[in-house]
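With the hints as extra help, turn the sequences into a complete structure.
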Amino acid sequence: MTLLANGLPPVLSRWPRLLALFSALSLGVGCGDMPPDAPTEYEELLGHAFVHMADEDPEELIAGLENLLILMEDDGIRHDASQGYSIQNLDEEAVNLLDERQRSTRDLVGISVLAGSPHEPIDIGALLSWEDFHQVVKDTFDVYEREFDGDPECFAAQECSWLSAQSHTESAWAGLIDMVTEYSIEFRWVETSWGMALLHRFWLNAPAHGDFDLVMKGNYYIGITFPDLIDGTGSLRIHGNWFDVDYGLFPVTEANAVETVVENSKTDADKLDHWISTH
Numbered sequence: 014m015t016l017l018a019n020g021l022p023p024v025l026s027r028w029p030r031l032l033a034l035f036s037a038l039s040l041g042v043g044c045g046d047m048p049p050d051a052p053t054e055y056e057e058l059l060g061h062a063f064v065h066m067a068d069e070d071p072e073e074l075i076a077g078l079e080n081l082l083i084l085m086e087d088d089g090i091r092h093d094a095s096q097g098y099s100i101q102n103l104d105e106e107a108v109n110l111l112d113e114r115q116r117s118t119r120d121l122v123g124i125s126v127l128a129g130s131p132h133e134p135i136d137i138g139a140l141l142s143w144e145d146f147h148q149v150v151k152d153t154f155d156v157y158e159r160e161f162d163g164d165p166e167c168f169a170a171q172e173c174s175w176l177s178a179q180s181h182t183e184s185a186w187a188g189l190i191d192m193v194t195e196y197s198i199e200f201r202w203v204e205t206s207w208g209m210a211l212l213h214r215f216w217l218n219a220p221a222h223g224d225f226d227l228v229m230k231g232n233y234y235i236g237i238t239f240p241d242l243i244d245g246t247g248s249l250r251i252h253g254n255w256f257d258v259d260y261g262l263f264p265v266t267e268a269n270a271v272e273t274v275v276e277n278s279k280t281d282a283d284k285l286d287h288w289i290s291t292h
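In this note's numbering, the protein residues as written are 14 to 292.
Hints were generated in silico from the structure; no laboratory data involved. Be aware that one or more of the hints could be misleading.
What the hints assert, rightly or not - Distance condition first, Cα-Cα at most 16 angstroms in a straight line; then the derived EDC-like pairs of lysine to aspartate or glutamate:
1. LYS230 <-> ASP120
2. LYS151 <-> GLU183
3. LYS230 <-> GLU195
4. LYS279 <-> ASP93
5. LYS151 <-> ASP281
6. LYS230 <-> GLU105
7. LYS230 <-> GLU267
8. LYS230 <-> ASP257
9. LYS284 <-> ASP136
10. LYS151 <-> ASP191
11. LYS230 <-> ASP259
Next up, the structure:
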């Protein structure tokens, strides 16, 4: 058996930190139940937006977005989505068309959260694509770097409809596990019958490894921001986030992890709104 300098096996030497992390997670979330399943049409339309985000002809993309907006007219769906949904389905062919790497969606677990914002889509898009966005997330990320292929200022002014980037980040996954990640990121403006919508898509380029043998094998995200014509002001922001994580020695259930991602999504949305309001 391999021993460390302190005479303990590697797993035992990390056990106090494991217990501390488990305690932090237990205090930071609720009972650890999975969020309710999203309505089938809602889930399918989120996946549809991810699949068609980069279509040269936006007709099919726009049709799906407008159908998703129609669902938002249902008070029950809006309420439940704001609490958080579980989602699973994401088309495997779509993720394999992202680049040359072969991927599997078989073990993906996902969440979706609806967040209302007092700010207009153009203000949200300008901040998300801001070259100095690391200032917004400096309390969450130790390192947040993006290299753009395109002009962020042109995109922020809605003079360009497309912007892409590559990112390098160093942070704590779910706020607890140190991890280095490399992502591909895309932004797009699309004109709908409800007004200009912002789409934001990203995916993990390669598996990311963290402490305690945790491995994030895959991560895919789609964010959709519409003018909120239901309330008449601000925006509706729909987030879909799918991930495949091998938790290794990390003492957490999948339900705990999913609940943490739901709560983090809400916190991130609030942080974005606060930044726009105060800068």
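- Hints broken by the structure, by number, lowest first? As far as the earlier hints go, not one is violated by this structure.
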